[in-house]
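S.K.: As a plain string of letters, each chain reads:
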Amino acid sequence: MTNFAIGLFREPHAALAAAGTLKRAGFATPELQSPVPIEGVEEVLGEKKSAIKHFTFFGGLIGGISGFSLAAGTAVLWAHPVGGRPIITIPPYLIITYELAILFGILFTLAGFFISARFPAIRERVYVPEAAVDRFAVTVACDDGETFKRAEVILRESGAEQVRAQTEEG
Amino acid sequence: MPAESNDLQYADIHRDVVRSIVETGRTYYITLATAAGITLVCFFFPWFYQLYYGIGAAGMNHPGVWGTYLASFIFWIGLSHSGTLLSCVLHLTNSPWRKAIYRSAEAMTLFSLMVAATMVMVHLGRPWFIHWTVPYPNQMELWPNFRSPLLFDVMAVTTYLTGSSLFIYMGTIPDFAAVRDRTTGWRNHMYSLLSLGWRGTDKEWHRLHWAYTFLAVLIIPLAVSVHSIVSWDFAMSIVPALHQTIFAPYFVVGAIYSGTAGIVTVMFVLRKSMNFGQYINASHFDNLGKLLLVLSLLWTYINVVELFTGWYSGTSTEYEALKYKLFGYYALMYWEMILFCAVLPLLCIFKRFRTSFLPMLILSIAINIGMYTERFLIIATSLSRQYLPDAWGLYVPSLVEISILIGSLALFVTMFLLFVKIFPSVSMYEVKETMDTPKAEPAAPPQGSPA
Chain A
1 MTNFAIGLFR
11 EPHAALAAAG
21 TLKRAGFATP
31 ELQSPVPIEG
41 VEEVLGEKKS
51 AIKHFTFFGG
61 LIGGISGFSL
71 AAGTAVLWAH
81 PVGGRPIITI
91 PPYLIITYEL
101 AILFGILFTL
111 AGFFISARFP
121 AIRERVYVPE
131 AAVDRFAVTV
141 ACDDGETFKR
151 AEVILRESGA
161 EQVRAQTEEG
Chain B
171 MPAESNDLQY
181 ADIHRDVVRS
191 IVETGRTYYI
201 TLATAAGITL
211 VCFFFPWFYQ
221 LYYGIGAAGM
231 NHPGVWGTYL
241 ASFIFWIGLS
251 HSGTLLSCVL
261 HLTNSPWRKA
271 IYRSAEAMTL
281 FSLMVAATMV
291 MVHLGRPWFI
301 HWTVPYPNQM
311 ELWPNFRSPL
321 LFDVMAVTTY
331 LTGSSLFIYM
341 GTIPDFAAVR
351 DRTTGWRNHM
361 YSLLSLGWRG
371 TDKEWHRLHW
381 AYTFLAVLII
391 PLAVSVHSIV
401 SWDFAMSIVP
411 ALHQTIFAPY
421 FVVGAIYSGT
431 AGIVTVMFVL
441 RKSMNFGQYI
451 NASHFDNLGK
461 LLLVLSLLWT
471 YINVVELFTG
481 WYSGTSTEYE
491 ALKYKLFGYY
501 ALMYWEMILF
511 CAVLPLLCIF
521 KRFRTSFLPM
531 LILSIAINIG
541 MYTERFLIIA
551 TSLSRQYLPD
561 AWGLYVPSLV
571 EISILIGSLA
581 LFVTMFLLFV
591 KIFPSVSMYE
601 VKETMDTPKA
611 EPAAPPQGSP
621 A
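Residue numbers (our numbering), protein chains in the order written: chain A, 1 to 170; chain B, 171 to 621.
Same shape as in the complex, but just chain A (with noise of 0.2 Å):
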């Protein structure tokens, strides 16, 4: 079981600024919940980086393959010889294996978003649902009653309109 300190802030810029204090004062890092991304989480909070341009990618190759070993080895299994042409045709299997290389691109990218962003979610995480309309929310986690304090303190400096207390389960 894990206490959240959550600020409810009006403005983007200001959530992320006291995101930044408190992660400067040495929280864990802290997380923002908004209607629209913010631009500029990144400068304050450290780079992201995902997988998914590698599920991109792979997926792409993986179908690619598949489809030139499906057309070409279907040739290959039931040879239908025309006028002396080869056997194994290149430019219609160009065309399944790009057609395959995107679908399987595509499904790779969403099983890559999937897992990165952890969807679908199994059990209960903190959430702000105002912060789905128009509040800027940051979340953080705090051991005990003397580290919420301290962290409604930075919230409340950085221009919080409210802050309250929400436990996560697990």
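Some clues are possibly wrong.
Below, simulated DSS-like cross-link-like pairs (lysine-lysine); rule was C-alpha separation at most 25 Å, straight line [as the list claims (entries may be wrong)]:
| hint | chain 1 | residue 1 | chain 2 | residue 2 |
| --- | --- | --- | --- | --- |
| 1 | A | Lys-149 | A | Lys-23 |
| 2 | B | Lys-591 | B | Lys-442 |
| 3 | B | Lys-521 | B | Lys-460 |
| 4 | B | Lys-460 | B | Lys-442 |
| 5 | A | Lys-48 | B | Lys-373 |
| 6 | B | Lys-373 | A | Lys-53 |
| 7 | B | Lys-373 | A | Lys-49 |
| 8 | B | Lys-373 | A | Lys-23 |
| 9 | A | Lys-48 | A | Lys-23 |
| 10 | A | Lys-23 | A | Lys-49 |
| 11 | B | Lys-442 | B | Lys-521 |
Calculated directly from the structure, the hints in this document are not laboratory data.
With the hints as your guide, set chain B onto chain A.
M.R.: Then chain B, alone, in the frame of chain A:
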């Protein structure tokens, strides 16, 4: 942008879009019932009649073995092109005006593709064997021919349908979450499932941005390939007027052209019926009008090139095909197409025209009538005049075919009407991005929580 000029706040967008989903007036139900009724009577009944009595119920016969079903297939595939393709291009080029309109445009793609796939089924004499086009191990040792453009079609359309569905779904996850918090009962359960537990954290936004961008990058070449492949269904035959290298770009430009016109039609209807005037305004029609103008000029250029190369080839068969297209049995339709797709869109030169809603609606409908005619003429004029005069003949659609054509429009409308009550038809978070940050507007108490 509309949202900037109007004094809108984040909560207003939220309220308006959620209202468009949960509040349903009598007009909506009447329209839906009418569209579903027309679909049943004009699409499914004639199709069952054709299945029962055989494909002879359609007007297709030698030499016109392809008819309105395939013309409709090309038309609907074409109409699908502007939605996802345009959305991807505008996303990658960071064009803010896309944000209010792209969700509905992408839905148009999805439903057009579904109708297109259905038209192939209707064209088949025995649609219950459609699974034979898919390579799967079976005891009959049936295996598709990977050199055939028809199989390219199966691969391309399936990939495009999958890609477009996932693209629209991925882009809607944050909005599903926003709607989830404002709904109760079965809607809340449905949106909880669809939003997958989205919370709008900085990490989730980061992942969504990259995944969405990668999908956009993959879908652009895919969309171009889909209509190129559809064109090869014709261009890889040796029929005069079809066997042309320009067919792939011709089809792709035509597809984007008719799709953009389709977006104008849909935006007009959404604007009126959903009261989205604040989000979809004259600036969107202005930009779409400019796009239509450019596309019409491109389309006209390709048509001129097609005529020129046919004439310059000096081949009697090509020459005959051209003469037949311009002055033969279907000539009236050809000149109607030129009027609607090459002449009338020149009105878009004038800003006053581009920013007038009703004239733009009329133009968009005229363009799509012209583009359907184009697809019909590609099939009808070429198959009617093949090499030997004893193989010449006319194709005239039967009542069953005309009815199914009308029914396919109603099918599209029915699916779109269902869509606007499930999906937020304007992208809330992207419209919010174009606005100033929120001011003092209290948020209503939420009623749900994520999974």
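S.K.: Each hint needs a verdict: does it hold in this structure or not?
M.R.: For each hint, the structure was consulted:
1. Note on Lys-149 (chain A) and Lys-23 (chain A): the hinted pairing holds, with a Cα-Cα distance of about 15 Å set against a maximum of 25 Å.
2. About 16 Å separates the Cα atoms of Lys-591 (chain B) and Lys-442 (chain B), which keeps this hinted pair within 25 Å; it holds.
3. A hinted pair counts as satisfied when its Cα atoms are at most 25 Å apart, and Lys-521 (chain B) with Lys-460 (chain B) qualifies at roughly 9 Å.
4. In summary, the hint linking Lys-460 (chain B) to Lys-442 (chain B) is supported, as the alpha carbons are separated by about 22 Å, within the 25 Å threshold.
5. Restraint check: the Cα-Cα separation between Lys-48 (chain A) and Lys-373 (chain B) comes to about 8 Å, which is no more than 25 Å; the hinted pair holds.
6. Under the criterion of a C-alpha separation no larger than 25 Å, the hint pairing Lys-373 (chain B) with Lys-53 (chain A) is consistent with the structure, at around 16 Å.
7. Proximity of Lys-373 (chain B) to Lys-49 (chain A) is assessed by CA-CA distance (about 10 Å); at most 25 Å being required, the pair is judged to hold.
8. Pair hint Lys-373 (chain B) plus Lys-23 (chain A) holds up; C-alpha atoms about 16 Å apart against a cutoff of 25 Å.
9. Annotation: proposed proximity of Lys-48 (chain A) to Lys-23 (chain A) holds, straight-line Cα distance about 15 Å (limit 25 Å).
10. At most 25 Å may separate the alpha-carbon atoms for a hinted pair to count; Lys-23 (chain A) and Lys-49 (chain A) meet this at roughly 19 Å.
11. Simply put, Lys-442 (chain B) and Lys-521 (chain B) have alpha-carbon atoms about 21 Å apart, close enough for the 25 Å limit, and the pair holds.
Checked against the numbered hints given earlier, this structure breaks none of them.
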